Structure formats: C-alpha cells, structure tokens
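Asks: So the chains spell out like this:
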Amino acid sequence: MIARVIVTPKPVVNDPQGLTVKQGLASLGFREVTDVRVGKYIEVNLEGSSEHEARRRVEEMCRQLLANHVIEDFQFDIEPERKRR
Amino acid sequence: MKFGVVVFPGTWSDRDCGWVIDQVLGQELVYLWHKDSDLKGCDCVILPGGFAYGDYLRTGAIARFAPIMEKVGEFADRGGLVWGICNGFQVLCEAGLLPGALIRNASLEFRCEWTHLLVERTDLAFTGQCTERDVLRVPIAHGEGSYFADPATLSGMEQRGQVVFRYCDAGGRVVPGANPNGSLHNIAGIVNSRGNVLGMMPHPERCAEAELGGTDGLKLFRSVAENAFKVLVS
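Sequence order for the protein chains is U and E.
Residue numbers for the first sequence follow my numbering, beginning at 1 and rising by one.
Residue numbers for the second sequence follow my numbering, beginning at 1 and rising by one.
A couple of the hints might just be wrong.
[Unchecked claim] Restraint-style ranges between C-beta atoms, simulated for each label pair: (1) U:33 with E:10: 31 to 41 Å; (2) E:26 with U:73: 46 to 56 Å; (3) U:57 with E:26: 50 to 60 Å.
To be clear, the hints were calculated from the coordinates, so they are not data collected in a lab.
Every value quoted in this text rests on a predicted model; they were computed, and no experiment measured them.
No residue lacks a Cβ here, since even glycine has one placed at the ideal position from N, Cα and C.
Based on the provided sequences and hints, a complete structural model is requested.
Replies: So, in structure tokens, the structure goes:
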C-alpha cells in the first residue's frame with residue numbers, strides 16, 4: 001500500500017514561503033490568487049493486511065514524526081500499491 | 001563543574017562551546033556522542049548549534065530520536081541543567097522539553113548578525129551573573145529561528161515568566177525593528193516552567209572572548225559554573 005501524506009502549516013502559523021510565492025504569482029499576472037500555503041508531500045510505502053490498519057498506523061506516523069502538531073496539519077490518502085513500471 | 005556537549009552528525013558549534021568551557025573558563029568538559037547512552041556524570045548538558053542529521057524533515061526532528069536524547073530527557077526530568085543553543089533549541093522543542101516550535105525566518109533569509117537581548121530572568125542557573133534587565137550583545141546565525149507557540153501556550157508562558165531573552169535595540173527597548181526573524185513577542189530564548197531547561201537561538205559561545213568582538217556570552221557560561229559552585233556549598 002502507499003500512503004500519500006500532505007503536511008501544511010496551520011492557518012495561524014505565518015508562512016513566509018507561501019506569501020512570497022503568492023507575490024511571485026501576482027507579478028506573473030495571476031491576480032486571482034488570494035492565498036498560497038507551502039507544505040510538504042510525503043509518500044510512504046508500507047506493508048499491511050488492511051486499509052483500516054494502514055490508516056491507523058499512518059495516523060500514528062504523522063502524530064509521532066511526519067508532522068509537528070504545534071505548527072502543522074496533516075492529511076493523507078491510502079491507495080493499494082501500483083504495479084512497478 | 002562538568003559540562004557535557006552533545007555532538008550529533010551535522011553539529012557545528014560543539015568545539016566553540018567546548019573552547020569556552022575548558023579554555024576560557026577552565027571548567028571540566030566532556031563531549032557526548034549522539035549514540036552514547038550515558039551523560040558521563042556531567043552537571044550541565046549543552047545541545048549546540050548546527051544542522052543535526054541535516055535537519056531532515058524539520059529542524060531537530062530526527063535528532064530527538066538519538067540514543068543520547070533519552071538520557072537528556074531523564075536528566076531534565078530530574079532537574080538537571082539542559083541548555084540548547086540555536087539548533088539545540090530546535091531539538092529541545094521537537095523533543096517536547098520546551099513548548100512551541102521554531103519556523104522559517106519571516107524574511108526567508110539566513111540571518112547572521114549581532115543582536116541585542118533583554119534579559120528578563122536573573123534568578124536562573126543560566127543568568128545569575130546578569131543584572132536586572134541586562135542587555136546582552138550576542139550574534140545569531142540561523143534560517144529557522146522564528147519562535148511560534150499557540151496563543152494559549154504563549155500567554156501561559158508569559159504569565160509564568162518563561163521568556164528569558166527578548167530581541168531588543170541597544171537601549172533595551174523591545175521593538176519590532178529589533179526582531180531579526182519574526183519571532184512572536186520578540187522571543188529569543190525560553191525556559192521550561194521548572195527553570196532547568198533553557199533554549200535560545202543566539203550564540204553566546206561566539207561572544208565569550210574580546211577577540212571575537214564581545215564577551216557578553218561569557219556571562220551565561222559563567223552563571224552556570226558559579227551556580228554549580230553554589231549548589232555544592234549549600
């Protein structure tokens with residue numbers, strides 16, 4: 001199975017990277033952009049019998065290491081592993 | 001007084017701290033490798049600056065799992081003195097030994113420059129040699145030193161007097177222009193509620209000899225050394 005984890009700065013946390021990217025987009029003419037937040041994307045390949053169990057384990061991984069609960073939120077999807085290309 | 005300086009892969013200020021401890025102050029020094037599992041009887045553990053484990057994932061996120069950190073946590077729980085400087089502060093926050101977190105500087109720049117710090121606590125083992133509302137001139141060198149804690153945590157810390165150092169101007173005024181990184185409340189250094197674990201972004205070990213442009217940092221090292229003497233005689 002593969003877990004696709006997205007970690008983002010909490011809304012209350014100042015995100016200077018997001019602000020700078022927003023300004024960059026505005027200078028390119030994308031004036032419709034109202035906000036940008038820059039986070040992290042993490043892929044975790046894991047073995048497991050059920051999606052339910054994998055979900056529980058990935059939640060723990062996020063809490064213990066992948067995200068810092070003081071400054072970051074996380075979300076993830078679990079997919080059956082794709083065949084190797 | 002025996003100081004232990006922790007060395008992780010990627011630590012870079014360990015020898016600077018060690019120099020101040022044994023060459024400038026003549027105190028006992030031992031380096032503690034990250035894989036060590038005992039603190040070799042030291043009275044104060046320093047987590048120095050650098051990029052422990054390359055700061056992979058987040059600053060300090062991987063270092064907190066090092067074998068030595070379990071012992072540092074137990075030592076802190078027993079009331080032992082733990083002092084995190086720069087990256088060491090980030091490690092202490094990730095390890096949960098101090099509240100809050102350190103995020104990217106508001107300017108997005110790595111800032112390497114002199115700052116002024118207003119000392120708000122002089123009753124601590126780390127600041128006993130400072131005078132009331134002392135202003136110290138100490139350099140910073142970091143890209144991720146912007147202190148953040150949620151509003152409830154921050155107000156609790158302020159009420160308990162956990163903010164030890166605040167960025168200020170040369171006259172001791174805590175003003176936005178003196179804040180080099182966007183830290184909330186101009187926070188440069190904090191202690192835990194018990195007062196035995198200190199974290200600070202500025203580098204006192206880099207201003208402990210006149211040749212380096214200042215000696216204000218020596219006050220903090222001397223405070224710890226003198227404090228131990230007081231403990232021994234009391």
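Asks: So, for every hint listed, does it hold in this structure?
Replies: Against the structure, the hints:
no.	hint	in the structure
1	U:33 with E:10: 31 to 41 Å	holds (37 Å)
2	E:26 with U:73: 46 to 56 Å	holds (50 Å)
3	U:57 with E:26: 50 to 60 Å	holds (52 Å)
Taken one by one, the earlier hints all hold for this structure without exception.
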